[in-house]
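Using the hints, position chain C against chain U.
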Amino acid sequence: MSDLAIEREIDRTKMSVSDEVAIQITGMNKWYGQFHVLRDINLTVNRGERIVIAGPSGSGKSTMIRCLNALEEHQEGQIIVDGTELTSDLKNIDKIRSEVGMCFQHFNLFPHLTILENCTLAPIWVRKMPKKEAEDLAMHFLEKVKIPDQANKYPGMLSGGQQQRVAIARSLCMKPRIMLFDEPTSALDPEMIKEVLDTMIELAEEGMTMLCVTHEMGFARQVANRVIFMADGQIVEQNEPEEFFNNPQSDRTKQFLSQILGH
Amino acid sequence: MTDQTTNSIAFVADGNIPQSPPPARETGVVKWMRENLFSSWANSLLTIVAGLVIYMVLSGALPWMWNGVWTTSSLSECREVLAGEVGGCFSVLSERWNQLLFGFQYPQDQYWRPTLAFVLLFIAGAPVLFFDLPRKMLAFTAVYPFLAFYLIWGGTIMAPIVAFLGMGAAAFVFQTYGKGSFALGFFGAIVAAFAVWIIGGALIPEGASETAMLQAVPSRDLGGFMLNLMLGVTCVSLSVPLGIALALGRQSDMPLIKWICIIFIEFVRGVPLITLLFVASVMLSYFFPPDSTVDLFLRVVIMITMFSAAYIAEVIRGGLAALPKGQYEAADSLGLDYPQAMRLIILPQALKISIPGIVNVAVGLFKDTTLVSVISMFDLVGMIRGPILASTEWAGVYWELLGAAAILFFIVCYGISQYSQWLERRLATDHR
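In order, the protein sequence lines correspond to chains U and C. Every letter in the first sequence is one number past the one before it in my numbering, and letter 214, counting from 1, is 214. Every letter in the second sequence is one number past the one before it in my numbering, and letter 59, counting from 1, is 59.
Just chain U, same shape as in the assembly (with noise of 0.2 Å):
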């Protein structure tokens, strides 16, 4: 697949994992009316912890990810995200969500909105920051992801690489424990993913907690220190990526491997 995307020297020294817990989830289960989505899911992540969740199409992953800052509901089961349980208390939800920054693949930024002003909406809004500081905060996340001088330009006017970028500074900017990623390379061009991957391995040398689902099996291999197969709605396999790549151990795992890594 796309190893060729990496090129650069990854500082893996600085990307420790604590044993600090950062989400827990036991016994989880989740139905879409009578189809069983989600089968007993348990995973338990630590702060520092970069989680690569793999799979088929409909195996599930974007849904439990989903999960983890409610945009979907569970049925059964506990999820502790970041010291909070959560419930259908919307309070919690709402404290949940403002800890834990997510990217999606359609980037999802406000289109009526500029750069800056997506990236400053949510300190300023959920922060309660002043709009002057929150800007400040917003610039240096926008230098980070190296698009500064588009500040003040519309989301439209990007192209898609930078649009996951800004996506990124903007979940970045509410300063979250923990990131999700939701296939956020999938709708890019092959040039564009470089510069996502980018961004996100730099986030990972920083220590960040990231869930990631995505099919980016070179990203998987270099970053990740750990990698969840799914299949039919449960966890089929999980493991560090050497093993997980050159020693697979089921069947499933194996077939998905060989078609996704064949050619």
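The reader is advised that the hints may include incorrect statements.
Stated by the list, open to error - Dumping the calculated EDC-like pairs for lysine to aspartate or glutamate here, alpha-carbon to alpha-carbon at most 20 Å:
id, chain 1, residue 1, chain 2, residue 2
1, U, Lys128, C, Asp337
2, U, Lys91, C, Asp332
3, C, Lys352, U, Glu117
4, U, Lys175, U, Glu133
5, U, Lys131, U, Glu117
6, C, Lys179, U, Asp89
7, U, Lys146, U, Glu202
8, U, Lys95, C, Glu329
9, C, Lys325, U, Asp94
10, U, Lys194, U, Glu206
11, U, Lys95, C, Asp332
12, U, Lys146, U, Glu205
13, U, Lys175, U, Glu191
14, U, Lys95, C, Asp337
15, U, Lys153, C, Asp132
16, U, Lys153, C, Glu424
17, C, Lys179, U, Asp94
18, U, Lys194, U, Glu143
19, U, Lys128, C, Asp332
20, U, Lys146, U, Glu191
21, U, Lys91, C, Glu329
22, U, Lys153, U, Glu143
Claimed, not checked - Across the chosen pairs, the derived CB separations fall in these ranges:
id, chain 1, residue 1, chain 2, residue 2, range
23, C, Gly318, U, Gly156, 13 to 23 Å
24, U, Asn42, C, Lys179, 52 to 62 Å
25, C, Trp259, U, Asn42, 35 to 45 Å
26, U, Gly156, C, Pro339, 52 to 62 Å
27, U, Gly156, C, Val128, 24 to 34 Å
28, C, Ile257, U, Glu133, 36 to 46 Å
29, U, Asp251, C, Gly318, 45 to 55 Å
30, C, Phe267, U, Lys131, 42 to 52 Å
Keep in mind the hints are simulated off the structure, nothing from the lab. For every residue, glycine included, the Cβ atom is placed at its ideal position computed from N, Cα and C.
Just chain C now, with coordinates in the frame of chain U:
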């Protein structure tokens, strides 16, 4: 160089070829006409037929307008002046102009009051319609409804002041408590407003209106185009927020709110406006306490507002449905709560999509205000059909009067339409 022949391919230009004008058939009027009017035999035929039609209309209308009489005081006098020639009796307009604008009962020496209110309307409306203007101007917009009420109806100045204080109290309560709990702020605001109104109403001395600075004018004395404008402006500005609330309510997760909104919208949309107006004029008083006299104007405003709010709600629902689901998810994932997500992300985009539809309803509503003539309110059309055409002087002057009404309505509606197109261009930021 000596062996160079005429058919050699090597070539060097020895000067600039001067510019020459294009042939006549490729420029200016001729070209335009060839391309647009006579590009094919069918097009040529249509051009000729259209030309004939335009000629026939203008040859009839122009002399009628050109020979028009503006200075007589009755139709028979006008016909004497015309002496059998073709010509319009526009003198009905010049003689009855004030009646067409203000109705026939509004005190003549007070015409400056609605006129002033009309002029101030532009100042009050400007910051709402053109949001690049300084936000401080909105302070005047907030005061304007009460000022306009005072100017048009007159009477004691205490009434609009108490009304204003009531709204102010409501806004204050909502600001203070609405942050903690929306329901508390919302219902607290309603209670506060009514408390101020009831206490304030009791404090206004009996008969204060008779001795007031501005002579009190009862609602039944309002009329003419002024009445159409008043109903149009009031009902549009009330029905847009109500329509937004209904559209959001219809999408609500709370079944009670959702069903109330659905039933309201479906019921009001399913009933003709005239029926609602008759309800307003005849039956609505059954629903109020026996000794209360709710003003006819207010009753009509309530009905037209309900009617158009139901339509606007459906238009906005279309706009909400057109937004990608990702916008809701992005707003949610950033931790915005429901009112913030709606106000900052969803509604600005949904309303932008709904502008053509909302304007469509607004234009329709403005024209529908002429329906109040059937419940014996003398708006512009009511004035024409009633007092003017029924008078001995002007019985039978249809074209001039109804034409003038059409022009007045067209000016306003065309203005609304142009504004909405400007707004759409101004808000176009997505560069799709």
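Problem set entry | Hints the structure fails to honour | Structure breaks hints 13, 24 and 26.
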